[in-house]
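Chemist: Keeping their order, the protein sequence lines are chains W and S.
Residue numbering for the first sequence follows our numbering, beginning at 1 and increasing consecutively.
Residue numbering for the second sequence follows our numbering, beginning at 1 and increasing consecutively.
Just so you know, the hints here were simulated from the structure itself, not pulled from any lab data.
Misleading hints may appear alongside valid ones.
Where chain S lies over chain W, by a calculated footprint (3+ residues, C-beta under 8 angstroms) [stated by the list, open to error]:
hint	stretch
1	128-136
2	162-176
3	374-388
4	420-433
Keeping only pairs whose Cα atoms sit at most 27 angstroms apart, straight-line, the calculated DSS-like set for lysine-lysine is [to be verified]:
hint	chain 1	residue 1	chain 2	residue 2
5	S	25	W	92
6	S	25	W	83
7	S	25	W	241
Just the calculated beta-carbon pair ranges, DEER-fashion [to be verified]:
hint	chain 1	residue 1	chain 2	residue 2	range
8	S	11	W	52	46 to 56 angstroms
9	S	5	W	267	47 to 57 angstroms
10	W	338	S	54	31 to 41 angstroms
11	S	86	W	59	36 to 46 angstroms
12	S	37	W	336	29 to 39 angstroms
13	W	16	S	86	48 to 58 angstroms
14	W	16	S	60	40 to 50 angstroms
15	S	11	W	474	46 to 56 angstroms
16	S	54	W	267	43 to 53 angstroms
Every residue, glycine too, gets a C-beta built ideally from N, C-alpha and C.
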Amino acid sequence: MTLTSKTATELQALLQKGEVTATEVTEATLQTIEQREEKIHAFIHVAKEEATKRAEQLDQEAADTRGRLFGVPIGIKDNIVTKDMTTTCASKMLEDFVPVYNATAIEKLEAAGAVNMGKLNMDEFAMGSTTETSYFGNTLNPWNTDYVPGGSSGGSAAAVAAGEVPLSLGSDTGGSVRQPAAFCGIVGMKPTYGRISRFGLTAFASSLDQIGTLSRTVEDNALLLSVIAGEDYNDSSSSAKAVPDFTAALTGDIKGLKVAVPKPYLGEGVDEEIAKTVKEAIAVLESLGAVCEEVELPHIQYAPTTYYVISSSEAQSNLSRFDGLRYGYHTENAENLEQAYFRTRQEGFGDEVKKRIIFGTYAMSADHHEDVYVRAQKTRTLIAQDFDSVFEKYDVVIGPTAATTAFKLGETGGDQLVHYANDVLAVPANLTGRPALSVPCGFVNELPVGMQIMGKHFDEETLYKVAHAYEQATDFHKRTPSIQEGK
Amino acid sequence: MTTFSKEDVKYFADFVRIGLSEEDKENFSVKIADLIESVSNLNEVDVTGVEPMTHPVAMINVLREDQPKDILDREVMLASAEDQEDGLIKVPDIL
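Chain S extracted, bound-state conformation (with noise of 0.2 angstroms):
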C-alpha cells in the first residue's frame, strides 16, 4: 500500500506555499496516498522509446507582426491589485 504521511503533504505544499491545518494534512495525506496509488497503474504501460506528447495538436511556429498595439490602461489594471500606491501594487513588507 502507497504511504503518503501528514510530513509529505507539508513537504510538498511547502514547495507551493499553500499553509494547512493539522486536519488538512490528515485528509490530503490519505486523498494523495490513494491517488499515487491509482497512478502507479501507469507503472504497467511499456513506454520504451515512446515520446512524451506535450501537445495534442501540433502547431510549430506560430508567428506574428511583432507591431506595438494599445493594451489595457494602467489605472484600470493597478485598480483590480489589492492594494496599490503611487502606480505600484503594494505589498507586504519583503525585508
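One chain only, chain W, in its complex shape (with noise of 0.2 angstroms):
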C-alpha cells in the first residue's frame, strides 16, 4: 500500500509516531499529484515549494507538540484565502490575485499540521455544478474522464477520489460540496449553517455558503471537521457551540435511529436506477436497526427556484466587491471610472457570473423586490417549516445526494434549468442551514452514487454515526477508480 493510498487516519498515525516523515509524505504526495493531474485537472495551483517547505519545517518539531493533522496533506478550494498563495475563484477577475492573509478554517489547519498541497479548481465563483465555468479549464471526473466531477467544488472532490490528497475543503452554497462527492463516490460533509468560520470563504450567497470538508471515508471527514469548526472573532455568523470531537461519535450503533424518506426525493425526476440503489442503501440502514419512513415535504417543489431568487440577489451585492480597483483584474481599456467598471466586470467575468448577478439585480430591483425576492424569502421559511416539523420526529432525512450520476462532459452548459431535479435534493440543507452529508452508497453503470443524509441543526455527530455504521457494513468506499492504480 502506497503512502497516498492511506487516509489522513492512517497517514496521522504513522506521522505521529514518527515511522514516515512530513517530508516523505509530501514528496509521495507532490508525485502522484504531477502523475495524475494530466488525467484528471483537479489543481489550479500545486503548491510544490511552499508544502516542501513546509513539511520541512514540520519535521523540525518536537514530537510531543505536534497538531491532529501533523504532516497530513490537504487541497483547498480556490475561494477560500490563503496567505501569499494565489485565490483565484476560478474567474480571470483574480487570475493573479494573492491574499494578505489566511482564511480562519486555513489558520486551524496550519495549527493542527495539516500541508496544503495547493488551490483546487471549482465553477467559477462557486457558480456551477460541473466545473466547467471554471477560467482555467474544467476538471475531469477520476472514474470515467468523459465525465464532470460534478461543481461547485468539482476539484476538492476529484482531488480526494483520484488519491492525490486524503483530504480536501470546499464550499457549499447550493449542493456544491456533497454533489461533486456523490458524483466521484467520496464523503462530502456540508455542516450546519456558522459551524465553520467562514471568513476568508469568498462570499457568494451569504445566508447559504458554507465551508465544507471532503474525504474518503467518514472517519476522515470527522477528524478534518473537528479541526476547523467552531466560533470566530472575525466571523459573527460563526456559532458559539461546542465543538466535540466527531470522531467520538463513530460508534456503529444506530438501533432506534428515526428515518425520515420524503417521497418526492425517491419520486419525478430521479433516475430510477439511483433510487433502486438508494432505497437498497436504505434497507441496509433497516437492517443495522434504523426505523425508516415515508414524510411529505408539502413546499418542496419550490426549494430550487426559491434557491435561484435567493443565491442570485445574494450574490450581485457581494460581487459588486470586484470593481477592478481594490485587488484583482483591472482593465486597459478604459478612459474614465465609469468605464472601468463596465468594461472590468465585462472582460473579468463569464457568462455564469454575468447571468446570475443580472438576474439577481433584476429580482431585487424596485419593482420587483417583493413579488420575487420577498416572496423568495417566505417560502424559504414555508420550506424550513416543513423540514422542522419533519425533525420533530425523526433524527435524520435520507435519500439520494443527487437525481442523476456524473453528467457526460459538455451535456449540460451549464444551465441552471437542467439541474432542477438535482436542485431539489440539494439546496434544502442550504436554505434551511442543516448539515447534510453524501457518503458512497453504489454504482449505476460505473459511476459512483451519493446517498444524502440531513440532519438536526449542530448535529452532525448523528450524520457521521449514520454514515459511519452504513458504510462500515457496505464496501462502496473500499473502490477505488483505476487512475489510483495509475492505468
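Dock chain one against chain two, each of which comes alone in its own frame, and use the hints as you go.
Modeler: Right, here's the structure in full:
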C-alpha cells in the first residue's frame, strides 16, 4: 500500500509515531499529483515549493507538540483565501490575486499541522455544478474522464477521489460539496450554517454559504471537521456552540434511529437506477436497526426556484466588490472610472456569473423586490417549517445526493434549469441551514452514487454516526477508480 | 411566455456596471427570460402572513469586546491593489 493511498487517519498515526516524516509524505503526494493531474486537472495551483518547505519545518517540530493533522496533506478550494498563495475563485477577475491573510479554516489547519498541497479547481465564483465554468479549464471525473466531477467543488472532490490528497476543503451554497462528492464516490459534508468560520471564504450567497469537508472515509471527514469547526472573532455568523470530537460519534450503533424518507426524493426526475440504489442503502440502515418511514414535504418543489432567487440576489450584492480597483483584474481599455467598472466586469467575469448578477439585480429591483425576492424569502420560511415538522419526529432525512450520476462533459452547458431535479435534493440543506452529508452507496453504469443524510442543526455527530455505520456495513468506499492504480 | 428584452438586459446590467456585447445581450435575454419564467412558480405559493426568512440559524446580538487589535500591514495591503502611489490606491480620473 503506497503512502498516498492511505487515509488521513492512517497517515496521521504513522506520522505521529515518526514511522514516516512529513517530508516523505509530502514528496510522495507531490509525485502522485504530478502523475494524475494530466488526466484530471483538479488543481489550479500545486503548491510544490510551499508544501516542501512547510513539511521540512514540521519535521523540525518536537514530537510531543504535534497537532491532529500533523504532516497530513490537504487541498483547498480556490475560493478560500491563503496568505501569499493565489486565490482565483477560478475567475479571470482574480487570476493574479494573492491574499494578504489566511481564512480562519486555513489558520486552524496550519495550527493542526496540515500541509496545504495547493488550490483546487471549481466553477467560477462557485456558480455551477460541473466545474466547467472555471476560467482555467474543466476538471475530469477520476472514475471516467468523459464525465464531469460535479461542482462547484469539482477539483476538491476529484483530487480526493483520485488519491492525490486524502482531504480537501470545498464550499457549499446549494450542494457544491455534496454533489461532487457523490459524483466522485467520496464523503462530503456540508456542516450546519455557522459551524465553520467563513472568514476568508469568498462570499457567494451569504445566507447559504458554508465551508465543507471532503474525504474518502467518514472517519477522516469527522477528524477534519473537528479541527476546523468553531466560533471565530472574525465571523459574527459563526456559532458559539461547543465543538465535539466528531470521531467519538463513530460508534456503529444506530439502533432505533428514526429515518424520514421524503416521497419526492425517490420520485419524479430521479433516475430509476439511483432510486433503486438508495432504496437498497436504506434497507441496509434498516438491517442495522434504523426505522425508516416515508414523509411529505409540501413545499419542496419550490426549493430550487427559491434558491435561484435568493442566491442570485445575494450574489449581485457580494460580487459588487470586484470593481477592478482595490484588487484583482483591471481593464486596460478605460478612459474614465465608469468605463473602468463596466469593462473590468465585462472582461473579468464569465457568462454564468454575469447572468446571475443581472438576474439578481432584476430580483432585487424596486419593481420586483416584493414579488420576487421577498416572496422567495417567505417561501423559504415555509420550506424550513416543513423540515422543522419532520425533524420533530425523526433524527435524519435520507435520500439520494443527486438525481443522476455524473453528467457527460459539455452535456449540461452549465445551464441552471437542467439541474432542477438535482436542486430539489441539494438546496434544502442550505435554505434551512441544516447539516447534510453524502456517503458513497453504490454504482450505476460504473459511476458512483451518493446517499444524502440531512440532520438537525448542529447535530453533525448523528450524520457521521449513521454514515459510518453504513460505510462499515458496505464495501463501496473501498472501491477506487483505476487512475489510482496508475492505469 | 415571459420576455426579457435585450434592452431589459442592458437596463439591469447598467445598475451593476457590467459591460455587455450585443451577443451577450442576446444570450442573456433568452437565459434570464427562462429563469424568470421558472421562478414564476413561486406565485402559486400562498405566503399570506408568512414572515420572510433572512437567516437560516437565528442568532441575536452577537457582541464582542471593542478592543483595538493589530491588523494587517498597510504596505502589504496596498501591494495587493492594482496600482498605488504614496500610500494610496491609484484609480483612473474620476472628474
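Chemist: It remains to establish, for every hint, whether it holds in the given structure.
Modeler: We went through each hint and held it up to the structure:
1. A count of 0 residues in the stretch 128-136 of chain W with a Cβ less than 8 angstroms from any Cβ of chain S is obtained; the coverage claim is therefore unmet, three being the minimum.
2. Against chain S, the stretch 162-176 of chain W contributes 0 residues with a C-beta closer than 8 angstroms to a partner C-beta. That does not satisfy the three-residue criterion, and the hint is violated.
3. Against chain S, the stretch 374-388 of chain W contributes 10 residues with a C-beta closer than 8 angstroms to a partner C-beta. That satisfies the three-residue criterion, and the hint holds.
4. Counting residues of the stretch 420-433 of chain W whose beta carbon lies closer than 8 angstroms to any beta carbon of chain S gives 5, which reaches the threshold of three, so the coverage claim holds.
5. Pair hint residue 25 of chain S plus residue 92 of chain W holds up; C-alpha atoms about 21 angstroms apart against a cutoff of 27 angstroms.
6. The suggested pairing of residue 25 of chain S with residue 83 of chain W is violated, with an alpha-carbon distance near 38 angstroms, which exceeds 27 angstroms.
7. Taking the CA atoms of residue 25 of chain S and residue 241 of chain W, the gap is about 47 angstroms. The hint is violated against a cut of 27 angstroms.
8. Checked against the hint of 46 to 56 angstroms, the pair residue 11 of chain S and residue 52 of chain W passes, with Cβ atoms roughly 53 angstroms apart.
9. Distance hint check for residue 5 of chain S and residue 267 of chain W: the Cβ-Cβ separation is about 37 angstroms, which falls outside the suggested range of 47 to 57 angstroms.
10. For the hinted restraint 31 to 41 angstroms between residue 338 of chain W and residue 54 of chain S, the CB-CB distance of approximately 32 angstroms keeps it satisfied.
11. In this structure the hint that residue 86 of chain S and residue 59 of chain W lie 36 to 46 angstroms apart at CB holds, the actual value being about 44 angstroms.
12. For residue 37 of chain S and residue 336 of chain W, the Cβ-Cβ distance of about 38 angstroms falls inside the hinted range of 29 to 39 angstroms, so the restraint holds.
13. With their beta carbons about 52 angstroms apart, residue 16 of chain W and residue 86 of chain S fall inside the hinted range of 48 to 58 angstroms.
14. At roughly 42 angstroms, the beta carbons of residue 16 of chain W and residue 60 of chain S sit within the given window of 40 to 50 angstroms.
15. The supplied range of 46 to 56 angstroms is met by residue 11 of chain S and residue 474 of chain W, whose beta-carbon atoms lie about 54 angstroms from each other.
16. Checked against the hint of 43 to 53 angstroms, the pair residue 54 of chain S and residue 267 of chain W fails, with Cβ atoms roughly 31 angstroms apart.
Checked against the numbered hints above, the structure violates hints 1, 2, 6, 7, 9 and 16; every other hint is satisfied.
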